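Please build the complete structure, drawing on both the sequences and the hints.
Line by line, the protein sequences give chains A and B. All letters in the first sequence, in the order written, are residues 1 to 133 by the numbering used here. All letters in the second sequence, in the order written, are residues 1 to 668 by the numbering used here.
The set of hints was computed from the structure by calculation and includes no laboratory data. All figures in this text were calculated on a predicted structure; none of them were measured in a lab. A virtual CB, placed ideally from N, CA and C, is assigned to each residue, including glycine. A few of these clues could be false.
[Said to hold, decoys possible] Chain B side only, calculated, beta carbon under 10 Å to chain A, not exhaustive:
id : residue
1  : E466
2  : K478
3  : R497
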Amino acid sequence: MKYTIKKDPHEDERVQEIIEISGQNIFSCYQCGRCSSGCPMAEFMDILPNQVFMYLQEGDVDTLLKAKTPWICAACFTCTVRCPVGLDLAAVMEAIRELQLRKNYDFVDPYKVEERDILPPIALVSNFRKFTP
Amino acid sequence: MAMNRIGVFICHCGRNIAGTVDVKRVAEEIGKREDVVLSTTYIFMCSEPGQKLIEESIKKYNLDGVVVANCSPTLHEKTMRNAAARGGLNPYRVEIANIREWAAWPHEDNPEAATRKAIRIINATIEKLKANASLEPIEVPVTRRALVIGGGVAGIQAALDLADAGIETILVEKEPSIGGNMFRLSETFPTLDCPQCILTPKMNDVAQHPNIKLYAYSEVESVEGYMGNFKVRIKKKSTFVDWDKCTGCGECLRVCPISVKSEYDLGMGERKAIYIVNEQAVPLKALIDENSCIRLQFEKKVREGKIKPKKAVKICSKCADVCEPNAIHFKNNEEIVEEEVGAIVVATGYEVMPAEAFPELGGKYPDVLTALQFERLLAPSGPTAGIPRRPSDGKVPESIAFIHCVGSRDPQNGVPYCSRICCMYTIKQAMLVKHALPKTAVYDFYIDIRSNGKGYEEFYHRAKEEYGVNFIRGKVSKVYKVGDKYRVQGVDTLTGRIIEVDVDMVILATAAKGSTGVKELAKKLRIPYDEWGWLKETHLKLRPLETPVGGVFIAGAAQFVKDITDSVSQGSGAAAKAMTLLSRPQLEKEPLLAKVDTEICAGCGRCKDQCAYGAISIDPVRHVAVVNEALCEGCGACSANCPTTAIQVVNFKKGQIIRAVDVLAEVF
Ligand SMILES: Cc1cc2nc3c(=O)[nH]c(=O)nc-3n(C[C@H](O)[C@H](O)[C@H](O)COP(=O)(O)OP(=O)(O)OC[C@H]3O[C@@H](n4cnc5c(N)ncnc54)[C@H](O)[C@@H]3O)c2cc1C
Ligand code: SF4
Ligand code: SF4
Ligand code: SF4
Ligand code: SF4
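If you want it as structure tokens, here you go:
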């Protein structure tokens, strides 16, 4: 596994976009790991929340856009409450999702969801929220 | 003569002793001895009532010797001796039997054995005590002057404090100017003060203080004597310029045709063959470097017969020609001066490992520098006026990588310890790059960020949050050249992958070590040092500024690398220690020293060879060993090596020790 830093991550447009959408200075994360150790969903994630910040600080947005983590984040705000430097992680996760969603690609076609009738409506709502623009 | 009215005081030490040792039974057992008239116990012998008990018992029972059975003598021997003295007993007739560390603590699981062992230890101590002589402390006169070696910020502070206290102080600095490494720095963490602005006032105070005699460009040749009375020979190295006449105008530097790399700039800038270290040097005097001045080189070769000029040649004298006060004489003016002082503060500082020591990190490339070299490129007064440029091509770097822990925390390739200041100065340098060149990308490769000082962690967060420095956790293993750039291959241990980045410059935070030559100096002073050249303190926690040699103190980075705040504190601390010593009209010394029985001494000199303090000489006339009481520390190395038992330490005589050992060695 190798990653080459091509330009200053501080100058990376997509990192800047995530900072702008979330309103969070992702560079202030100093990798204490508290977000990950307290996250109720972390065990299901492919990249830990603190690692998300490391990828961002290295300008590696590509990996994050391919990752499951932002979609698994339940936005429960446990991390946000605990982060020692006051980062709102849930907002950053949302920003990463947003970046993906802004590509205007429908991941879910509501008409093709077979269990449409038996699923609780809220599941569908959050499904559309996360997987469609 | 032998004591027969001994008092024994057994301490409970709360439950520390009494919880294991049956102190009542010990007291009864010891009380059965004929030479013991009082055997009693008390809950805390070191408390005021405990001490009073000793005082009063001495009077009441007319005691001629005292044993206190309690903790280690390093803790309370003095307390008990003082108590006895108040009761009218010579303090050297008091002995401590250590039944806490030797009996109670190690045998917690076996109270019976602990109790019997305590009895045995006390019996042995009584045997030793019985042959103790009454002694009086030895008085030594004091020379009320001090010597400070090393004119960095620690030495400067020590010298100023001593001088302000009215003590005539000699400051010896091996470089042509005082200021040390601090004077090389760009700005200082965590306040970003300009080091020259805050240090020059102190340097000028040194130059002008009526109580300070400054020997710049000088080194200590030899040290003789002892606490309160040292004789020091100082070598003033040759400058080839009369410093009494030189006004520091700098005319000579402008005309000198020879340029070489400047030591002050650590090779980052140049100086002339005749030079003044920098514009703010103290003293502000010019000197000629013999190895680069063409005239001096020529004269040397003629002297050595390597060149034989046929006729008189006119060789360069450009500097002398322009020197208005006629200060430049080209003559070797090396000189040895002698000074007498009562106390010595050693503040010889540190140096950093060279980049070349790390070829795998590109140490041989011109644009891979040590952090101390990079300080010069960041300093507004430095060779690039504070805008860093690549030494190879003068280009302003578009990207820079900093590597932490180079040689530090690496016993295999460098030193085992953390060099302590490098995390902070690397962060500082990263910030200063961003100040000078906001567009330059900065990568900081670290293992841990160690920022444990007032305002330090906040400083680090500022670099992260406000300055746009990229921090990557993991040590770089490889730096190599790719075209015009340097490829840094590191790792991000947090995401678990190799990180590669191409940069224009690489700055190595190389490990700090004691100054060159400090080991030789330490040998002259007889003070200990470790393998990395750090001077050793008597006790790391409780006596950090003292050395085993009375009257010699250490301060600043010479003890171990530290930041300016700590160096200054230690400079003041060592000065205070020296003042305590010098404020006494006479020094009192423990009289537990080696004494020679001249009747049996054969004058073989074995004792002399063993003495680490140089306290023994052989009288050439009587042919016997003579002990200098002021130098002897009573260690006993001589006595252990004397084939005739002629030399022995008072109150630790062979008979005494053997009788005590006999008791301890009885079958249990
Ligand atoms: C790259 C770098 C950046 C730094 N930045 C900072 C910072 O921003 N803030 C901070 O607080 N600290 C900083 N430091 C640490 C700072 O340099 C030291 O704390 C300080 O210099 C220690 O002072 P000192 O007087 O103990 O030793 P030194 O400054 O090393 O002075 C020792 C003096 O003794 C002289 N000497 C040595 N041997 C002899 C001898 N045998 N005889 C006579 N004289 C001798 C030397 O020539 C020198 O003048 C930095 C260090 C480095 C390497
Ligand atoms: S809790 Fe905050 S500072 Fe700690 S790793 Fe997570 S985001 Fe970073
Ligand atoms: S020209 Fe003479 S007075 Fe001026 S700095 Fe040089 S040596 Fe000193
Ligand atoms: S201070 Fe920091 S850079 Fe220096 S050795 Fe210690 S951990 Fe490494
Ligand atoms: S070792 Fe003993 S015998 Fe030899 S000189 Fe010293 S005191 Fe005398």
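Interface hint status, R497/B versus chain A (Cβ within 10 Å): 4 Å, holds
Hey, does the K478/B contact hint survive, CB to chain A under 10 Å? The hint is violated - K478/B has no Cβ within 10 Å of chain A, the shortest such distance being about 13 Å.
Could you check if E466/B really has its C-beta closer than 10 Å to a C-beta on chain A? Interface hint status for E466/B: holds (9 Å vs cutoff 10 Å).
Hint 2 alone, counting from the list given before, is not met by this structure.
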